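A.B. asks: Protein chains in written order, with the working numbering: chain A, 1 to 292; chain B, 1001 to 1292; chain C, 2001 to 2292; chain D, 3001 to 3292; chain E, 4001 to 4292; chain F, 5001 to 5292; chain G, 6001 to 6292.
Warning: the hint list may mix true and false statements.
As the list claims (entries may be wrong) - Negatives, chain D to chain A, calculated, CB over 12 Å:
1) 3054
2) 3073
3) 3087
4) 3091
5) 3095
6) 3145
7) 3220
8) 3222
Said to hold, decoys possible - Heads up, simulated EDC-like pairs for lysine to aspartate or glutamate below, C-alpha to C-alpha not over 16 Å straight-line:
9) C:2062 - C:2079
10) D:3268 - F:5238
11) F:5267 - G:6206
12) C:2267 - B:1208
13) F:5062 - F:5076
14) C:2268 - B:1208
15) F:5209 - F:5279
16) F:5204 - D:3279
17) C:2268 - B:1238
18) A:209 - B:1271
19) F:5050 - F:5079
20) A:267 - D:3241
21) G:6204 - F:5277
22) G:6267 - E:4208
23) C:2063 - C:2076
24) F:5204 - F:5277
25) E:4058 - E:4076
26) F:5268 - G:6238
27) E:4267 - C:2238
28) D:3267 - F:5238
29) A:268 - D:3206
30) D:3018 - F:5038
Just so you know, these hints were derived from the structure itself, not from any lab. What you are looking at is a predicted structure, and each value in this text was computed from that prediction instead of being measured. Virtual Cβ for every residue (Gly too), placed ideally from N, Cα, C.
Here are the chains, one letter per residue:
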Amino acid sequence: MEKDTTKDVTDSVNYFTKWFKSIDWDAVISKVISVGLEILVLIILYFILKYAGSKIIKSFFKKYRRNPAVSNNRADTLEGLILNFYGYVLFFVFAILILQNFINVTAIIAGAGVASLAIAFGAQGLVSDVVTGFFILLERQLDVGDSITLDTVNGYVENLGLRTTQVRDFDGTLHFIPNRQIMIVSNHSRGNMRVLVDVAISPKADTEKAIQIIEQICEAEKNTNKNIVEMPTVLGVESSDGTNQVIRIVGTAVNGEQFGVQRDLLKKIREALLQAEIDLPIATPIVKTAQA
Amino acid sequence: MEKDTTKDVTDSVNYFTKWFKSIDWDAVISKVISVGLEILVLIILYFILKYAGSKIIKSFFKKYRRNPAVSNNRADTLEGLILNFYGYVLFFVFAILILQNFINVTAIIAGAGVASLAIAFGAQGLVSDVVTGFFILLERQLDVGDSITLDTVNGYVENLGLRTTQVRDFDGTLHFIPNRQIMIVSNHSRGNMRVLVDVAISPKADTEKAIQIIEQICEAEKNTNKNIVEMPTVLGVESSDGTNQVIRIVGTAVNGEQFGVQRDLLKKIREALLQAEIDLPIATPIVKTAQA
Amino acid sequence: MEKDTTKDVTDSVNYFTKWFKSIDWDAVISKVISVGLEILVLIILYFILKYAGSKIIKSFFKKYRRNPAVSNNRADTLEGLILNFYGYVLFFVFAILILQNFINVTAIIAGAGVASLAIAFGAQGLVSDVVTGFFILLERQLDVGDSITLDTVNGYVENLGLRTTQVRDFDGTLHFIPNRQIMIVSNHSRGNMRVLVDVAISPKADTEKAIQIIEQICEAEKNTNKNIVEMPTVLGVESSDGTNQVIRIVGTAVNGEQFGVQRDLLKKIREALLQAEIDLPIATPIVKTAQA
Amino acid sequence: MEKDTTKDVTDSVNYFTKWFKSIDWDAVISKVISVGLEILVLIILYFILKYAGSKIIKSFFKKYRRNPAVSNNRADTLEGLILNFYGYVLFFVFAILILQNFINVTAIIAGAGVASLAIAFGAQGLVSDVVTGFFILLERQLDVGDSITLDTVNGYVENLGLRTTQVRDFDGTLHFIPNRQIMIVSNHSRGNMRVLVDVAISPKADTEKAIQIIEQICEAEKNTNKNIVEMPTVLGVESSDGTNQVIRIVGTAVNGEQFGVQRDLLKKIREALLQAEIDLPIATPIVKTAQA
Amino acid sequence: MEKDTTKDVTDSVNYFTKWFKSIDWDAVISKVISVGLEILVLIILYFILKYAGSKIIKSFFKKYRRNPAVSNNRADTLEGLILNFYGYVLFFVFAILILQNFINVTAIIAGAGVASLAIAFGAQGLVSDVVTGFFILLERQLDVGDSITLDTVNGYVENLGLRTTQVRDFDGTLHFIPNRQIMIVSNHSRGNMRVLVDVAISPKADTEKAIQIIEQICEAEKNTNKNIVEMPTVLGVESSDGTNQVIRIVGTAVNGEQFGVQRDLLKKIREALLQAEIDLPIATPIVKTAQA
Amino acid sequence: MEKDTTKDVTDSVNYFTKWFKSIDWDAVISKVISVGLEILVLIILYFILKYAGSKIIKSFFKKYRRNPAVSNNRADTLEGLILNFYGYVLFFVFAILILQNFINVTAIIAGAGVASLAIAFGAQGLVSDVVTGFFILLERQLDVGDSITLDTVNGYVENLGLRTTQVRDFDGTLHFIPNRQIMIVSNHSRGNMRVLVDVAISPKADTEKAIQIIEQICEAEKNTNKNIVEMPTVLGVESSDGTNQVIRIVGTAVNGEQFGVQRDLLKKIREALLQAEIDLPIATPIVKTAQA
Amino acid sequence: MEKDTTKDVTDSVNYFTKWFKSIDWDAVISKVISVGLEILVLIILYFILKYAGSKIIKSFFKKYRRNPAVSNNRADTLEGLILNFYGYVLFFVFAILILQNFINVTAIIAGAGVASLAIAFGAQGLVSDVVTGFFILLERQLDVGDSITLDTVNGYVENLGLRTTQVRDFDGTLHFIPNRQIMIVSNHSRGNMRVLVDVAISPKADTEKAIQIIEQICEAEKNTNKNIVEMPTVLGVESSDGTNQVIRIVGTAVNGEQFGVQRDLLKKIREALLQAEIDLPIATPIVKTAQA
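The task is simple: from the sequences and hints, build the whole structure.
C.D. replies: Structure follows, in structure tokens:
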């Protein structure tokens, strides 16, 4: 500590300014402009290809839809998917071409350093999305327009992508679901649906008579309602306690019409039972944990 | 910064246009066509093999089903499985052949870079699916048509695959369940099923008499109902409080008929108790958290 | 772009047809037949060994069961286990022998590429199954026929395997549980079981008298019911509020008979209390969240 | 142990003081000052660049917003995002430049020691955030100002970033959500929304008449309320028990106005039913598990 | 395809039979017998060592228990543990010796192929078991006979092992808990336990008088009941609403006697309050979600 | 076994004592003292630096707070953070310097053995803490004194650290939350807050009149209460059933005053409705699942 | 198969017995004794060091506690911790010294085989425990004797260790919590605590008068109860419905006395309200989900 610190400071400042001057500013600027131009050209090319590609795909599907053997839903699914796939491929090809100017992308993708490890961990979600999405499409689990349940989401399929599935909720909300979140696909648009009505009557009412009345209504309904596939039949007394006894009716309806048929049956059975003077259950509330 | 920047720009543009001209466009186009042809041939071959293979498998099973010793469910299971397996193998073989033109697939599969790590993480779900599916089939845990419970899904098995199992819900919904989601397989179609009826009567009613009446009905039912395997017997008073006492009856029925037998017993016991003037439980509602 | 593209196409087609012709179809066919024959021989051998082995194991256990010192449950457990183990070993040995013709199995098992990583991730479930199963067997936590609770499944053990445990539910359902899902094994078939009865009486009833009556019944029951191990004793008033007071009785019964003893005690105590004119609790419902 | 320990102590102290004197304090101080200056310059540069960059970005968006074809929400989204991205890039570039003086950052990023492993594990959350955020933006799942539900959070999007999304709750709370927490994006601002009203009336009231009245009100409302898109229609009797029957009405409203339309309809239907002397449901409370 | 395929088949068959004949069956048989003998000797040795070792350990603990300074529970814990440990070490040493004949066990344990990776993943549960078990023992968290709660299991510790802990439930069930499942050990057998009684009286009853009566009973109880450690004292009015007010009493009892003391206090306080004509709470049921 | 075992024993003992004597006890002691001294010096230095550093930081912030443009909360946040950061850096630098004497810390940090793997797994929590904490600070999600919700914890921020955040609960409890546990930060101190009051009246009361009265009160309140930002307006009838109809009022208040405004409005509206003789809802309890 | 198998057997037996005889039994025995002696010496040394070390630490803390500036809780914390740390270090040093005789411990710790991988996976829990424990201590989140909540456990801290924290529940149970299970530390012994009382009165009672009475009592209580820090003030009407209105009172009490103050206030307010003839809420039960 014999020397004065002022000299140290001067030395350090000199050292720093020398380093600053030593940079070849011309080369830097020239490089910046060259790279900028390349990026510009790539971006313009990207938009041209994107626009042209989408045009071609859409016009192809316009013709494809005229084919009467092709369902509209299937065509929508395919068109959306191909557009989605084309968009991603284009985006990543150009993104890598542009990034190439700044970092050695290939080296990172092949490497095993911290960065690549972190990327591998972070990107596994993306890979899972694509793998799951791929099989959902390959196995045709979903079509655009299907009524489905995915995890906690209900609604109609709006769009199928490699990475995300878009579902339009019955209340109008649009859900974006990463495919990896899709565990069990429950598709309500594949085949006829069950009709199930539970009718509760007073515990001391005449069960036989009630069942007869219900059966007559089911018979009549079968003949008049073309949405019914299998005639609803009375299964019997499902449960019974001090306040009511429950009679269960089960049948089959055309896909998508099951709720309408149920409401119809419920209303008609109710009116018939009231006419026949079969008592309602004893008027104590069924205490429910209300939902929503 | 002595030089003018205009020159820098001109240099950069020159550099870029030179690079653009230097590309051998002939070679590029020739390569594109050659690859395109190869892919076309592969795709045609794929569809021929797929069609022919399915045909052969199906016609084989047509003969196989004539064999009286073979249950239809088992034949369905095997046919679906073999078709599914054949489809996947064909698909992946041709997919790799086609991809081979673009990327060095073998290198990636053998490599250890970021991409392969990410793929390994992402694909472990797929491997889990196949491993689990394989053992479900090997241990014959499921047959097409079985009534089952898998996790939260109830229904009939519609199709068994290496990767997914399709279950038709009782309400008509079709569930696609990746095999790895299947933890515990609960198969309701393997052997006779229990019949269990709980009858509630007034807390001060004559228990002995009620039990006698119920036993007579069980006896009679056993003789007339061929779906009953073991005669239902009265276990005794299961619980008892200020509003009712519960008598439990247990027996065994032919697989699939247990609910019908329960409804039958419930209705007959109820009528007999009302005739014998044994009181219903005190008419206060049992407050339930209603489900659905 | 000076050359005409037609020539490019012709070149490509030529290139492709040359490659097609260059394949040695004879060698391919000969190889296919040779491999086919080998697989056939292996499959036949597999079935012979499987049949013979099972036969030998079963006949051995037939003799083994005649030994009076051996419990039937233990013999069932061992027989099922050995058959299961023999089946898996045979299956995998032959599977690897057959696969050997198509892929270099040893290389994959020893390698560290993506495929093997994915397999390792996917197969860890299988290894966990076997490790857990191995210790369940080694520590004799379960025997065939035991009444158990595994996670959410109740029932009797039907079969014990290295990979899965089969449990027959009390309602007849057959559960297949991969061993790795088995966290805590709760075995209800190991030693005497507790008998616990809670009797509710009116809040203003004479507690001392009620306890006396209950103690007399316990005394009597102990003498007549040979399923009781330890005489049930009255612990005292467990809880008490504005509508009832609860008296708790605890004893021990022979394994499997505890529920019968409880039902018996409940019925007798109830009758005695009604005779002695000790009031039931005030008749307000206990609101329960009903289960099932 | 023949030597005295005092000598050991003296030796050790000497050894230690020698080491202390041997340090070249001049070099240390000079180095400290030089590094300090460099850091100072970097920090000043950082603030200049940050200020200038933000200024330029904001003034650009000022002009961009004048473009009538551009929605304000989209402009806000883009401006916030670009500012956010610019801020992060600047921060990390300068942070690495400064850290470079103390640790060999490149070595750590490329290395595979414990530190880098720990960093890779710890940083995977960060990478997941950025990957997820990137796709949310690319797929335009959210715009600033959208009404959304993310996991358990409801509100309006306040800001979209690469790492976090800021959501303003309806009650004024500001939520910061790391993008990786965003599983399913439920966007309530994309298209028309459903209007759903459930009207409960007495179980013995005249259903036909009630439905007629409700339909007249819906008709009138459709004509006067411009927020209604699709006329609300009566679906029928949704459910019915001993205390009430529920009539369901469904329609469509302009996005964001659905709750107002529902309140309006509810009030008018209620008044009309009271006027027409159609009874309210029997006055027993619906027992709910109150929320909040 | 000029050659006839028959020749191909003949060639293949020849090739196959040659391979079959080329095997040195003598060497195979000799090897099988030699290995069989070695395994036999090892198995016999294993059973001898197991029997002898257990004998020695048990006889040692017989003497050890005579030492009056040693608690029985501790001796049980140690004996069970050492037997368990000895059994596992013996088993694995001999298992590896026998397996050595079939596979190169050392190579697998040291290797890094798929098999070993899968084993490492699968076996981590086992290692976790042993590590956790080791610390539970080292820190003496449990002794055989302690009343404990582990996760969802209540009961008495029956056996402590390196891999599993056996707990006898109060209802007689025997739980086998892998040590890794043991998160928080809650030991109810370490020191005195709290006595807590909540007494509900009518909302308009004289609180001061009730507290006085309760305090007298606590005083008296303290003098007569030797299980009480700290005299129960009245904390005051814990809560109060339209139907009742709750008075809380807290004290300390000898470990294991707290429930008896609580029941005792409850009964005596109740009788005293009824005698003093202090009203019970208004007779409306407290609606509970009943458990079990 | 021809030799006597006594000789073996003697040999072994000799071997052991030789090894014991061969240790250079002088060197050991000298080393121990030298290391001890170094550690002592390091510890003293640590405490000096810690004390001096804290002093300097605190005095700096004393001056910084006099700056009127700086909010107190922000200054507290920064001061706490810098002290926290300084403390950790100092601690770890000295900890490594001291550990250096015992283990080769650098080797472990760079190594890839079991120890380092275990450390990497174990320490990832720490890294996650710091990474998350860093971004919470960088994005200014929290300030000391903010009212927040983190996961299940509510309260005021007491201290922000790189590893833990301290939150003072409204009931006085101090929560220490590792930053990695902080998923969604919900900050209640950023901007005005909503005021929401639900008023329930009798189902047959005059809705129009009630709304008029409420609107008058809102108007008056707006003029007198300076905490109100946006005048509360009546949205309309939110819901309606057999026992009540609910009118919803919504407005905005100054941050932190929203609950006071709500209580105020509730009280005044209630009084006005009672004066205007608008009936309360029918007096049946709303059954709630009580919390705490 | 020309040779007789007898010769094979004889050969095998000869081979085996030769191998058996070839073992140098002398060397084996000598080695066993030598190792045994070394272990014995190590074990004796371990117990001496453990005993002596504990003695020294305890006597040091005896003196340390006499220092009046040191709180007893802090001294307990430090003493327990140092004993715990000393015990573990000693244990592991000697354990490794002993194991060294059997396995090459260093090799395993440095290695990367299956065993070490499995150990690394299994041991990460241990490392997590120590890392978390270390920071809990460093940041002084807990002291022995503090009233705390850790996850689901409530109680007083009994002992703080590097690996486990012991908490004495209020009911006397002793919980052993591995430190890694400790997520959020909620310490109830750091500063004054809130006092919160909710008083419910009849919905039509005079609110103003009730608030006046409560305020008088709060005033009086503040003057007489020295445990109150901040005078409790009436916040206003918290909620109101058809059966009651709730008035909330909030203040601050000395740490640990908050529950006593609450009980006191509740009792006095209740009495005052009854005297002033302000009605209790309408006597309908609040239905709670009873806890324990």
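A.B. asks: Could you work out which of the previously given hints the structure breaks and list their numbers from low to high?
C.D. replies: none
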